[in-house]
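A.B. asks: Chains as they are written, first to last, in the numbering used here: chain A, 11 to 308; chain B, 11 to 308; chain C, 11 to 308; chain D, 11 to 308.
Incorrect hints may appear among the rest.
Each pair may be met inside one copy or between any two copies, as identical chains are not told apart.
[Stated by the list, open to error] Calculated lysine to aspartate or glutamate pairs in the DMTMM-like style (CA-CA distance at most 25 Å, straight line):
id, residue 1, residue 2
1, 259, 233
2, 259, 241
3, 259, 290
4, 134, 79
5, 259, 156
6, 134, 156
7, 259, 75
8, 134, 36
9, 259, 293
10, 259, 47
11, 259, 79
12, 134, 276
13, 134, 293
14, 134, 193
15, 134, 28
16, 259, 276
17, 134, 233
18, 259, 105
19, 259, 43
I should point out that these hints are in silico values taken from the structure, not numbers from a laboratory.
Number of protein chains: 4
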Amino acid sequence: MSKRQFHGVFPYLVSPIDASGAVMGEVLARLCDDLIESGVHGLTPLGSTGEFAYLSWPQKRRIVEVVVEAANGRVPVVAGVAATTNADAASQAREMQALGCDGILAILEAYFPVPDDGVFEYFKTIAEAVALPLVLYTNPNFQRSDLSLPVIDRLSRIPNVGYIKDASFNTGRLLSIINRVGDRMKVFSASAHIPACVMLIGGVGWMAGPACLVPRQSIALYDLCRQGAWDEAMALQRRLWDLNQAFAKHNLAACIKGGLQLQGYEVGAPLPPQAALSAEGVEEVRRSLAGVGALGSS
Amino acid sequence: MSKRQFHGVFPYLVSPIDASGAVMGEVLARLCDDLIESGVHGLTPLGSTGEFAYLSWPQKRRIVEVVVEAANGRVPVVAGVAATTNADAASQAREMQALGCDGILAILEAYFPVPDDGVFEYFKTIAEAVALPLVLYTNPNFQRSDLSLPVIDRLSRIPNVGYIKDASFNTGRLLSIINRVGDRMKVFSASAHIPACVMLIGGVGWMAGPACLVPRQSIALYDLCRQGAWDEAMALQRRLWDLNQAFAKHNLAACIKGGLQLQGYEVGAPLPPQAALSAEGVEEVRRSLAGVGALGSS
Amino acid sequence: MSKRQFHGVFPYLVSPIDASGAVMGEVLARLCDDLIESGVHGLTPLGSTGEFAYLSWPQKRRIVEVVVEAANGRVPVVAGVAATTNADAASQAREMQALGCDGILAILEAYFPVPDDGVFEYFKTIAEAVALPLVLYTNPNFQRSDLSLPVIDRLSRIPNVGYIKDASFNTGRLLSIINRVGDRMKVFSASAHIPACVMLIGGVGWMAGPACLVPRQSIALYDLCRQGAWDEAMALQRRLWDLNQAFAKHNLAACIKGGLQLQGYEVGAPLPPQAALSAEGVEEVRRSLAGVGALGSS
Amino acid sequence: MSKRQFHGVFPYLVSPIDASGAVMGEVLARLCDDLIESGVHGLTPLGSTGEFAYLSWPQKRRIVEVVVEAANGRVPVVAGVAATTNADAASQAREMQALGCDGILAILEAYFPVPDDGVFEYFKTIAEAVALPLVLYTNPNFQRSDLSLPVIDRLSRIPNVGYIKDASFNTGRLLSIINRVGDRMKVFSASAHIPACVMLIGGVGWMAGPACLVPRQSIALYDLCRQGAWDEAMALQRRLWDLNQAFAKHNLAACIKGGLQLQGYEVGAPLPPQAALSAEGVEEVRRSLAGVGALGSS
């Protein structure tokens with residue numbers, strides 16, 4: 011699988027944890043299996059939806075073990091690595107590789123602001139620690155640092171830094187990145203962007219939480235975009251957008267976990283002090299899912 | 011012209027002012043005439059590029075007189091009205107109507123934050139003061155207030171509030187607006203969004219400064235989008251995007267005035283303490299214009 | 011009065027405007043007279059509390075005429091000048107001087123960000139336009155620009171730039187300014203700082219809206235600070251602080267106008283779309299005023 | 011020591027880590043001993059200056075072991091506990107208590123925004139996990155959450171929540187807290203506030219990184235404030251303020267580690283990708299230290 015190019019729909023998986031702190035492996039494995047059956051192109055544990063910022067290392071390792079085993083080589087697994095220090099990040103990445111992951115979603119956490127040289131060194135350290143392809147992750151809404159265009163350009167010249175997922179609201183920035191890095195790096199959309207727009211400007215797919223809830227519809231949208239059937243794509247995109255909107259208003263993990271429970275996956279609530287999805291939020295997600303046929307017999 | 015639906019490319023005009031504070035009407039009229047000859051669908055004086063925040067009322071009125079006279083009914087003129095009070099806004103709008111404008115670009119300035127009810131009253135006051143269609147303008151990057159979705163919804167139910175131009179970086183928000191207001195309001199793109207993406211999701215055109223510099227290319231892009239020739243549209247869009255990028259980095263008025271001088275329009279510099287475009291900025295704009303064939307014999 | 015050093019308590023006056031847009035001169039003159047009788051050291055029309063951002067030039071000029079006439083040389087009048095262009099600012103300042111003002115509160119408005127050189131030129135232009143002392147005003151909470159320490163240092167070397175009023179929440183920054191400018195510039199507090207603290211670190215007084223409502227108590231606090239009676243000063247300061255808190259929560263003009271109405275001054279509401287003080291806000295202000303003995307028989 | 015009331019100067023200790031990731035216990039113990047000899051009232055490992063966000067749990071535990079042993083009961087040790095989940099925070103706090111700490115500096119880390127109820131539960135969980143007094147820590151400059159006044163009020167009613175250290179720039183907020191919580195909670199200053207001002211308004215001391223570098227001067231300042239010798243206090247405060255300013259401009263850990271190296275403590279650099287203090291920063295710190303007699307034979 012090492013030469014496989016990542017593209018398509020990669021759901022951001024939730025991390026089901028029980029009250030004792032144990033990973034609920036069974037429901038997670040079932041979710042992975044169902045998503046693969048639905049046609050998703052890959053799985054992404056330990057993204058923001060996967061509560062990477064809230065889990066202990068043993069919890070993270072167990073999550074990835076379950077997902078790799080469930081995927082069983084059918085689709086690539088791109089696992090999140092998030093740290094504040096180069097040393098911790100490299101150590102995590104090596105363990106992810108040893109666990110059988112196919113790629114690393116590389117996330118920089120920071121308390122103090124990090125100058126560009128530090129940002130570059132952080133991601134370079136991860137890239138050199140493993141043989142796997144890296145997806146750079148940047149989320150200026152929740153993080154204290156962003157990746158500047160010059161740093162993205164420098165990083166795109168590292169051979170195994172192949173992808174970027176930008177979770178800002180600034181779709182124009184994605185086109186600037188595409189114009190700047192050419193073929194050296196591919197762009198994935200996040201749920202804050204309109205996936206059909208990102209596909210139009212040259213993106214290769216999306217990594218996002220809502221795809222956990224609407225995998226079939228997401229695949230259909232992706233296929234329409236790939237075929238250049240933009241009118242049909244937009245008709246579907248407009249109906250799916252409500253879900254991204256709900257996702258943007260609530261705690262991401264709470265929103266996806268709440269939606270999965272409506273679909274019969276008992277994945278629990280986010281780790282406290284995060285709150286479970288409010289009753290109002292549950293109704294909003296229920297309406298969004300019903301509106302695209304993602305409840306009921308699906 | 012009253013039944014004309016606004017759509018297409020509306021350049022945000024610059025406001026050429028000489029050292030004594032007088033409007034340089036001749037170069038402004040020539041620019042308007044050339045833009046209309048190039049095929050633009052309308053003209054927008056007194057937007058942000060037009061330095062609405064820096065001009066006295068006599069300067070503003072003279073700018074609009076020149077533009078209306080130059081347009082001479084060939085294309086609609088949608089002039090900016092910006093104020094901090096309802097009374098001032100209504101007064102400006104009435105004068106714009108008397109001067110022969112075809113629409114109002116309505117801008118809320120604020121020093122203290124304005125609750126939603128105040129925002130609604132402000133725009134409603136303008137709408138009721140004139141018989142012209144209104145384009146709501148919102149720019150969270152430079153303004154102290156933004157228009158919330160509920161306020162936009164309420165405003166869309168006022169008969170002559172027909173359009174919105176959102177100058178945030180958040181293209182997803184435009185789709186949320188479109189989903190919410192349906193046919194009651196049409197969406198124009200600003201230069202911070204990728205125009206081709208806004209057309210894809212259902213926008214009707216764009217109002218932006220760069221169209222002053224690349225009118226023919228903007229029209230070509232608009233036509234490709236309208237024909238659904240999305241691949242060709244994106245190929246052109248990618249080349250044009252550099253200019254929007256330069257525009258985003260520099261003072262907008264300085265950038266467009268600097269570019270127009272490269273094209274032979276002696277429109278001067280923005281009003282001090284704004285600085286003229288830096289030498290580095292001039293080179294950046296020159297490269298962007300040359301890259302899309304917008305210098306040379308024009 | 012030209013050699014008088016500004017110091018002490020300068021209330022930020024409100025701007026009473028009736029429904030027709032006319033300045034209500036009588037109540038404004040009475041307020042000025044009562045404040046002077048209470049012992050205030052100066053009067054400041056057209057600050058943020060005075061709605062400088064919401065008034066037309068004729069309204070501004072009339073406000074200042076009334077205040078200068080009411081002061082009648084008993085205390086200095088330092089009037090706000092606010093503009094986006096150097097030319098407009100200089101023109102306003104000259105008219106303020108002609109109207110008999112004793113100083114200028116100089117405010118930079120901006121739509122686009124202003125680099126340091128532009129900030130310096132703006133204030134220098136005002137300083138050179140008049141023979142009056144200048145008070146620099148900076149309010150990062152409501153304005154799009156702040157004054158950097160290097161610009162403040164440069165400005166402090168202009169002979170008639172003698173004071174600064176910083177309306178940030180950052181009291182430490184005031185000490186940094188004091189350390190940097192030495193005797194070249196004096197510092198006034200704003201209502202976001204604790205006046206007693208600013209006096210402790212070397213400030214010379216405060217310019218703020220709440221002093222309109224509690225002039226006697228403000229003078230008492232100032233006198234205690236000047237005497238070095240810090241324990242008594244703090245005991246009074248703690249009781250007065252509630253009012254500054256209310257002031258920070260609500261629209262400043264609405265809050266002071268609402269309080270003055272409780273004291274029998276019919277100054278009306280802020281200009282729409284600003285809202286009048288809410289019923290809840292009125293109760294909060296009433297409690298604050300009663301708590302320091304500023305209602306009563308007045 | 012359990013009944014001891016915390017007050018006075020608590021240096022925020024650095025965390026010396028060698029290239030292999032090991033805690034350099036000897037230099038840390040020597041620093042603690044010297045600080046106690048200088049008269050500090052307590053020691054605070056694992057604050058922001060102590061790089062709590064960058065250390066593994068084994069590193070944190072070792073840091074605290076060294077500090078508790080070095081303190082040897084002479085002054086209280088208040089150790090930082092920082093987590094994103096209630097469970098992790100409670101676990102850390104219990105271990106800190108078992109290690110012999112005298113208090114907990116409680117820090118909430120967050121990725122997604124936390125509503126007030128979650129904030130309350132987080133700190134309540136820590137308070138109930140231990141018998142030690144808690145110091146609430148809030149730093150809106152580097153954290154994604156702040157403590158609202160209502161939450162602070164609720165928390166102040168928990169018996170062992172006795173202190174708050176607010177690291178905003180908003181000194182007025184400290185007075186609002188003091189007015190609101192009365193005797194239920196005491197306030198410590200951070201380096202972003204002017205310590206003398208916080209003492210004036212009723213604070214009980216400060217917890218801050220610069221006190222590592224200037225312990226004697228800090229104690230002298232504290233004593234002057236306690237004696238009510240405000241003029242002498244401010245004369246000293248003005249000279250010390252330069253150091254806080256330098257501290258605010260640079261990475262806090264880099265700044266204090268750089269200064270300690272100038273004083274002969276080989277504490278190394280912050281953990282990468284944080285950068286060591288720049289050459290320019292070293293000179294700035296050197297000048298600040300020399301200016302208050304904190305280099306040389308001290």
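A.B. asks: Take the hints in turn and mark each one as holding or not.
C.D. replies: Results of checking the hints against the structure:
1. Within a single copy, residue 259 and residue 233 get their C-alpha atoms no closer than 28 Å, and across copies no closer than 36 Å, so neither meets the 25 Å cut-off.
2. Taking the shortest alpha-carbon separations for residue 259 and residue 241, neither the intra-copy value of 28 Å nor the inter-copy value of 33 Å comes in at or below 25 Å.
3. For the identical chains of this complex, residue 259 and residue 290 are intra-copy neighbours only, at 12 Å inside a copy versus 29 Å across copies, given an alpha-carbon limit of 25 Å.
4. Proximity of residue 134 and residue 79 under a CA criterion of 25 Å is satisfied in neither setting, with 28 Å inside one chain copy and 39 Å between copies.
5. For a Cα distance limit of 25 Å, the shortest separation of residue 259 from residue 156 qualifies both inside one copy, at 21 Å, and across copies, at 17 Å.
6. When the C-alpha separation of residue 134 and residue 156 is checked against a cutoff of 25 Å, the pair qualifies only within one copy, where the shortest distance is 16 Å, while the shortest distance between copies is 33 Å.
7. For the identical chains of this complex, residue 259 and residue 75 are neighbours neither inside a copy (31 Å) nor across copies (43 Å), given an alpha-carbon limit of 25 Å.
8. For the homomeric pair residue 134 and residue 36, neither the shortest alpha-carbon distance inside one copy (36 Å) nor that between copies (33 Å) is at most 25 Å.
9. Proximity of residue 259 and residue 293 under a CA criterion of 25 Å is satisfied intra-copy only: 13 Å inside one chain copy versus 34 Å between copies.
10. For a Cα distance limit of 25 Å, the shortest separation of residue 259 from residue 47 qualifies neither inside one copy, at 29 Å, nor across copies, at 46 Å.
11. Taking identical chains as interchangeable, the C-alpha atoms of residue 259 and residue 79 are never at most 25 Å apart, the minima being 33 Å within one chain and 48 Å between chains.
12. Neither within a single protomer nor between protomers do residue 134 and residue 276 lie at most 25 Å apart by alpha-carbon distance, with minima of 38 Å and 28 Å respectively.
13. When the C-alpha separation of residue 134 and residue 293 is checked against a cutoff of 25 Å, the pair qualifies neither within a copy, at 44 Å, nor between copies, at 31 Å.
14. Taking the shortest alpha-carbon separations for residue 134 and residue 193, only the intra-copy value of 19 Å comes in at or below 25 Å, while the best inter-copy value is 50 Å.
15. Taking the shortest alpha-carbon separations for residue 134 and residue 28, only the inter-copy value of 21 Å comes in at or below 25 Å, while the best intra-copy value is 35 Å.
16. For the homomeric pair residue 259 and residue 276, the shortest alpha-carbon distance inside one copy (22 Å) is at most 25 Å, but the shortest distance between copies (44 Å) is not.
17. In this assembly of identical chains, the alpha carbons of residue 134 and residue 233 never lie at most 25 Å apart, being 34 Å within a copy and 44 Å across copies at closest.
18. Proximity of residue 259 and residue 105 under a CA criterion of 25 Å is satisfied in neither setting, with 34 Å inside one chain copy and 37 Å between copies.
19. In this assembly of identical chains, residue 259 and residue 43 lie within 25 Å of each other by CA distance neither inside one copy nor across copies; the values are 29 Å within and 47 Å between.
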